[in-house]
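Student: The lines below spell out each chain.
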Amino acid sequence: MKCPSKKYLYLYYYKDIDEKMMLIMEQHLKECLLCSKEYAKITNFLLGFKKEEINIEESELLSIVNRVKSKAIGRLGLKERLKEKVKFFIDGLKWSFVYHPRYAVAVIGIFIIAIGLPIRNKIVFESEMAEMELELVLDLDAFEDDIFLDFYNS
Amino acid sequence: MLRQREAESLGLIEDFLRGNDDSFAKIALLVHQDVLNIAYRYVGNIEDSKDVLQEVLLKIYNKLIYFKKESKFSSWIYRITMNASLDFLRKRRRGWCLKDRYLKNRRTTISLRDDIDIRDKEIIMKKTIEELSLGQKNVFILRHYKGLKINEISKTLGCSQSSVKTQLKRAIDKMRKKIGGLL
Chain R
131 MKCPSKKYLY LYYYKDIDEK MMLIMEQHLK ECLLCSKEYA KITNFLLGFK
181 KEEINIEESE LLSIVNRVKS KAIGRLGLKE RLKEKVKFFI DGLKWSFVYH
231 PRYAVAVIGI FIIAIGLPIR NKIVFESEMA EMELELVLDL DAFEDDIFLD
281 FYNS
Chain S
21 MLRQREAESL GLIEDFLRGN DDSFAKIALL VHQDVLNIAY RYVGNIEDSK
71 DVLQEVLLKI YNKLIYFKKE SKFSSWIYRI TMNASLDFLR KRRRGWCLKD
121 RYLKNRRTTI SLRDDIDIRD KEIIMKKTIE ELSLGQKNVF ILRHYKGLKI
171 NEISKTLGCS QSSVKTQLKR AIDKMRKKIG GLL
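Protein sequence lines, in the order shown, are assigned to chains R and S.
Under this note's numbering, the first residue of the first sequence carries the number 131, and numbering increases by one thereafter.
Under this note's numbering, the first residue of the second sequence carries the number 21, and numbering increases by one thereafter.
Just so you know, the hints here were simulated from the structure itself, not pulled from any lab data.
Glycine included, each C-beta is placed from N, C-alpha and C at the ideal position.
Hints should not be assumed to be uniformly reliable.
[What the hints assert, rightly or not] Listing some non-contacts, in silico: residues in chain R with all C-beta distances to chain S over 12 Å:
| no. | residue |
| --- | --- |
| 1 | Ile147 |
| 2 | Lys181 |
| 3 | Glu188 |
| 4 | Glu190 |
| 5 | Arg197 |
| 6 | Ser257 |
| 7 | Glu261 |
| 8 | Leu264 |
[What the hints assert, rightly or not] DSBU-like cross-link-like pairs, simulated, lysine-lysine; straight-line CA separation at most 30 Å:
| no. | chain 1 | residue 1 | chain 2 | residue 2 |
| --- | --- | --- | --- | --- |
| 9 | S | Lys111 | S | Lys157 |
| 10 | S | Lys88 | R | Lys136 |
| 11 | R | Lys171 | S | Lys92 |
| 12 | R | Lys132 | R | Lys145 |
| 13 | S | Lys111 | R | Lys132 |
| 14 | R | Lys137 | S | Lys166 |
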């Protein structure tokens, strides 16, 4: 097997790769002297960054919490919280148009329908009106012919 | 650890948002250790970490109303902590102690034959992390010190997993090159 990139050695050290890759790496490190030496150096290096945890007394934490409460704006009442939620929703909606094009496409579609529908209705109405006018004219002609014939016959 | 107590934290958040102020102290108790330890990796000392902790708790108190439950509470806390730590570093100039200045004037690559004591090594390693780029530092701290998986880091930082892996590789390569044969 070709030697993997160093990235996989680091991920192998942290055991942050899938099982299949893990087995491949284990096998490769048994077979490849270069990679196993490199891995030993990496292990030695990273172990040098000690993960000591720091902590504070609970009493000290509570005094920090009390300082925070005194500094804080103050708890919002229900009305203010609702206002904040609505504002947050509207702000979120604005960003949705940037990050989710489907909303922008939907709005454009609604806009096209809102503008296009009246125009289409107008065109249809006008053509129907034109047809009706034509029918009226033809009916009038027929009516005039009937009168003329009646007059002629009489 | 905060990651393992997500369900408990969500219950406390709901309680707090309903108006129970005592829940905030419980939330603080839940998050303080993670916040302190992440801040410590950025600012380098315990006192400054406590200042960052106070800032983070203040932000949580005021901004918990905006927390979206689609993301994990732990990811939200880590993001706030990293931003607060970086703001802290920007606002205050960290004065170098005399020993740090002495070390700065030495050769950057220190030979194994030099007599380096433990304290020097710690300072050098801290300095090496400080010199990483922002992305590399964030990824290294979350991966090495907090033990987050690559996919968790990518969700916390809002970038792709391949970007996280690349940043991690670059961070470790850079530190190995800088420290040389010291470790």
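Student: Run every hint past the structure and note whether it holds.
Tutor: Comparing the hints with the structure gives:
no. : hint                : result
1   : Ile147              : violated (9 Å)
2   : Lys181              : violated (6 Å)
3   : Glu188              : violated (7 Å)
4   : Glu190              : violated (8 Å)
5   : Arg197              : violated (6 Å)
6   : Ser257              : holds (52 Å)
7   : Glu261              : holds (57 Å)
8   : Leu264              : holds (62 Å)
9   : S/Lys111 - S/Lys157 : holds (19 Å)
10  : S/Lys88 - R/Lys136  : violated (37 Å)
11  : R/Lys171 - S/Lys92  : violated (35 Å)
12  : R/Lys132 - R/Lys145 : holds (20 Å)
13  : S/Lys111 - R/Lys132 : violated (49 Å)
14  : R/Lys137 - S/Lys166 : holds (19 Å)
Of the numbered hints stated above, those contradicted by the structure are hints 1, 2, 3, 4, 5, 10, 11, 13, listed in ascending order.
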